[in-house]
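Mind the numbering: the sequence shown is residues 25 to 316 in our numbering, read in order.
By construction, these hints were calculated from the structure, which means they are not laboratory data.
The structure presented is a predicted model; accordingly, all values stated were derived computationally and were not measured.
Using N, Cα and C, we set each Cβ at its ideal position, and we do this for glycine too.
Incorrect hints may have been included.
Pair by pair, the computed Cβ-Cβ distance ranges are [as the list claims (entries may be wrong)]:
id: 1; residue 1: A223; residue 2: G173; range: 21 to 29 Å
id: 2; residue 1: E50; residue 2: E285; range: 47 to 55 Å
id: 3; residue 1: A128; residue 2: D300; range: 36 to 44 Å
id: 4; residue 1: G84; residue 2: S151; range: 19 to 27 Å
id: 5; residue 1: Q157; residue 2: G67; range: 32 to 40 Å
id: 6; residue 1: G84; residue 2: A172; range: 32 to 40 Å
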Amino acid sequence: MAADDASARWAAALEHHLDTLLPRAEATPQRLHAAMRHAVLGGGKRMRARLVYAAGTLLGADEDVLHAPAAAVELIHAYSLVHDDLPAMDDDDLRRGKPTVHVAFDEATAILAGDALHTLAFEHLASADAPAQLRVDWLATLAQASGAGGMCGGQALDIDATGTQQTLEQLQRMHALKTGALIRAAVRMGALAGNADAAALARLDTFATALGLAFQVRDDILDIEGSSEQLGKTAGKDVAQAKSTYPALLGMEGAKAKLEELARVMRDALAAYGADADALRALGELAIHRSH
25 MAADDASARW AAALEHHLDT LLPRAEATPQ RLHAAMRHAV LGGGKRMRAR
75 LVYAAGTLLG ADEDVLHAPA AAVELIHAYS LVHDDLPAMD DDDLRRGKPT
125 VHVAFDEATA ILAGDALHTL AFEHLASADA PAQLRVDWLA TLAQASGAGG
175 MCGGQALDID ATGTQQTLEQ LQRMHALKTG ALIRAAVRMG ALAGNADAAA
225 LARLDTFATA LGLAFQVRDD ILDIEGSSEQ LGKTAGKDVA QAKSTYPALL
275 GMEGAKAKLE ELARVMRDAL AAYGADADAL RALGELAIHR SH
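Construct all of the structure, not just a fragment, from the sequences and the given hints.
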């Protein structure tokens, strides 16, 4: 219950922080600002932001210091979804149970909104009320996870692989970049705020790496077993686009067994922290068992 209470408190604090941080919809240019707010507010699991809070508080960081990196990682995630949904990418009409930004506004506005969210994330970190070295470390961590060596590189590999059959190793490499890099960055940013030593960073990186992969395996399963209403996005897209997935390569039972294996890795990585890591454990369980 304590972990659930903390997670709810973090989500509420984050929503308030994002609402304050984002430009007001009535400010000029109004269409751009409205699109940015549409992309960010009022939806999503806030998994990455909650990982920042959970890792940071585990290591004794002040919650107030964690608002900036939590918001920044959510802004990067939101920008990536806006661009991922564009006609030139995954061409999707539904995200978080509402029209995607290019549908609700237009394609050019969606591109600009994604660009603006991306830059706002780094602007916010650079001006955060935190020691200079910590801000530099946050900026480096988020930049590395977002670019060609992280999320963007993974997206490029995904595009290149569409319509082809990847090996399991290739699929895991792609998702380690596309999905896993930002999840690992979220955990690391929280840990850095708590002055984590090398051993703690290594343990938490093992946890985050397994969580990132588990999140994607579960996503692949839900794309087959879930409905669009349940998921808040279009179901069945992977099959329709002939993408390699874990169920396609391992079978549905094999994919579910992979989830159980990753759950064990996460449990082992956090074992040294006892009950103090319950908030992180709960997020690991969410990745394994989520229904949307």
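Hint by hint, here is what the structure shows:
no. : hint                     : verdict
1   : A223 to G173: 21 to 29 Å : holds (25 Å)
2   : E50 to E285: 47 to 55 Å  : holds (50 Å)
3   : A128 to D300: 36 to 44 Å : holds (42 Å)
4   : G84 to S151: 19 to 27 Å  : holds (24 Å)
5   : Q157 to G67: 32 to 40 Å  : holds (34 Å)
6   : G84 to A172: 32 to 40 Å  : holds (34 Å)
Hint compliance for this structure: every hint is met.
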